[in-house]
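Residue numbers (our numbering): 28 to 406.
Among these hints, one or two may not hold up.
Simulated DEER-style distance windows between Cβ atoms [stated by the list, open to error]:
1) Trp399 with Ser117: 20 to 26 angstroms
2) Tyr332 with Lys224: 57 to 63 angstroms
3) Gly114 with Thr356: 20 to 26 angstroms
4) Gly105 with Ala176: 36 to 42 angstroms
5) His55 with Ala198: 18 to 24 angstroms
Think of the hints as simulated: they come from the structure by calculation, not from any bench. Glycine included, every Cβ here is placed at the ideal spot set by N, Cα and C.
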Amino acid sequence: MVTGRHRGTKAVIDLGAIYHNVKEESEHLTSQQELFAVVKANAYGHGLIPVAQAASQAGAAGFCVALIDEGLALRQAGFTQPILILGVNSPLEAVLMAQNDLAAAVGDVAFFEQAAPFLKQAGLKLKIHLALDTGMGRIGFRTAEELTAALAAVNQLPEQFDFEGIFTHFATADTADQSYLKKQTVALEQMLAVVKKRPRYVHFANTAAAFWHPQYQGNIIRYGIGMYGLNPSGTELKEPRNLQPALELVSQLVAVKQIKAGDSVGYGQTYTAQNNEWVGTVPLGYADGWSRRMQGFSVLVDGKYCEIIGRVCMDQFMVRLPQRFELGTKVTLIGKNNGQVITAQKAAEHAGTIHYEILSALTERVERQYVWKNRENDV
Numbered sequence: 028m029v030t031g032r033h034r035g036t037k038a039v040i041d042l043g044a045i046y047h048n049v050k051e052e053s054e055h056l057t058s059q060q061e062l063f064a065v066v067k068a069n070a071y072g073h074g075l076i077p078v079a080q081a082a083s084q085a086g087a088a089g090f091c092v093a094l095i096d097e098g099l100a101l102r103q104a105g106f107t108q109p110i111l112i113l114g115v116n117s118p119l120e121a122v123l124m125a126q127n128d129l130a131a132a133v134g135d136v137a138f139f140e141q142a143a144p145f146l147k148q149a150g151l152k153l154k155i156h157l158a159l160d161t162g163m164g165r166i167g168f169r170t171a172e173e174l175t176a177a178l179a180a181v182n183q184l185p186e187q188f189d190f191e192g193i194f195t196h197f198a199t200a201d202t203a204d205q206s207y208l209k210k211q212t213v214a215l216e217q218m219l220a221v222v223k224k225r226p227r228y229v230h231f232a233n234t235a236a237a238f239w240h241p242q243y244q245g246n247i248i249r250y251g252i253g254m255y256g257l258n259p260s261g262t263e264l265k266e267p268r269n270l271q272p273a274l275e276l277v278s279q280l281v282a283v284k285q286i287k288a289g290d291s292v293g294y295g296q297t298y299t300a301q302n303n304e305w306v307g308t309v310p311l312g313y314a315d316g317w318s319r320r321m322q323g324f325s326v327l328v329d330g331k332y333c334e335i336i337g338r339v340c341m342d343q344f345m346v347r348l349p350q351r352f353e354l355g356t357k358v359t360l361i362g363k364n365n366g367q368v369i370t371a372q373k374a375a376e377h378a379g380t381i382h383y384e385i386l387s388a389l390t391e392r393v394e395r396q397y398v399w400k401n402r403e404n405d406v
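Start from the sequences and build out the full structure, keeping to the hints where you can.
In structure tokens, the structure reads:
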């Protein structure tokens, strides 16, 4: 996809904030714990390689990704730290993962049987982390019996597989109600009881568990949304860290016009002016990840909240202005503008989703601009 570098729309990423957030979380680790930066989905829309570099400088010991290709991109960029692929992959990819020192999440015994011949032929050993499904219902072994069979398979193939880790994922660590979390931990303890020799890495904690459930962390913190400066709970639980949001989404006015009462704006005639109004056009749309659900949300123009009117178009949207503004006036969709602020959380609430989606939905059409702010306070 082509990046739009000539329209005044960009996501400004503060790598100093990434550095700060990783550094601060690292201070809460025990001497036995390590922080792995979760940089899947283009680092939640922030940019894979620059974010990984900032996280590494702040002390991240490894990385978690979702795709083999994300792991390969890190290796090609020169990162030598451990990389865990959290998503499941075909046994046909076992050799590629082993060649590039990528650890694979495995939740099916058949993977070992099918991948072993390829690894043997290539003379390679694949690092694996056994995934435990304790209640997420996504990937992993669901019972102690299934896990026992997986351990047996690994032990029978010591030349092809390196049992490096075992992990699970908590579904409700970011909520006040801990009943389901407790149910998951019971299942976890039952399965771990059959693991006679623990691997190097035993890990359960995403950002939420790291923040609010230190008793269920293991020796890796898979630090995701907190690294980007956002509360994994949204607004339900108070964040216990001094998080610094790393992304601002900004654009500019490329057209300003006055319409009359009765004039309509946008596809489908979903907005009709009740009075004579100033309307501004902003060059960003749903092809950039700014969903049609954002109609009715407000952006900031010169510190003033201006409502998005009419449907968001593929490449543009329109806002109602309180007055005539000059072409090129800055428009802030997420971030600060003349003393006012719009958060990714507020955008998510309007769209009926979570801030993870708002940020990771930003496509490659949106230029990323990288800055360092306030890093001197952490060095």
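Original post:
Is 18 to 24 angstroms right for how far apart the beta carbons of histidine 55 and alanine 198 are?
Top reply: holds (23 angstroms)
Original post:
Taking the CB of tyrosine 332 and the CB of lysine 224, does the distance hold inside 57 to 63 angstroms?
Top reply: With a Cβ separation near 59 angstroms, tyrosine 332 and lysine 224 satisfy 57 to 63 angstroms, so the hint holds.
Original post:
Measuring from beta carbon to beta carbon, are glycine 105 and alanine 176 in 36 to 42 angstroms?
Top reply: holds (39 angstroms)
Original post:
Cβ-Cβ distance between tryptophan 399 and serine 117: within 20 to 26 angstroms?
Top reply: Hint violated: Cβ distance 40 angstroms, outside 20 to 26 angstroms.
**OP:** Confirm or reject the claim that glycine 114 and threonine 356 have a C-beta distance inside 20 to 26 angstroms.
**Re:** violated (43 angstroms)
Of the hints listed earlier, those the structure fails to meet are numbers 1 and 3, in rising order.
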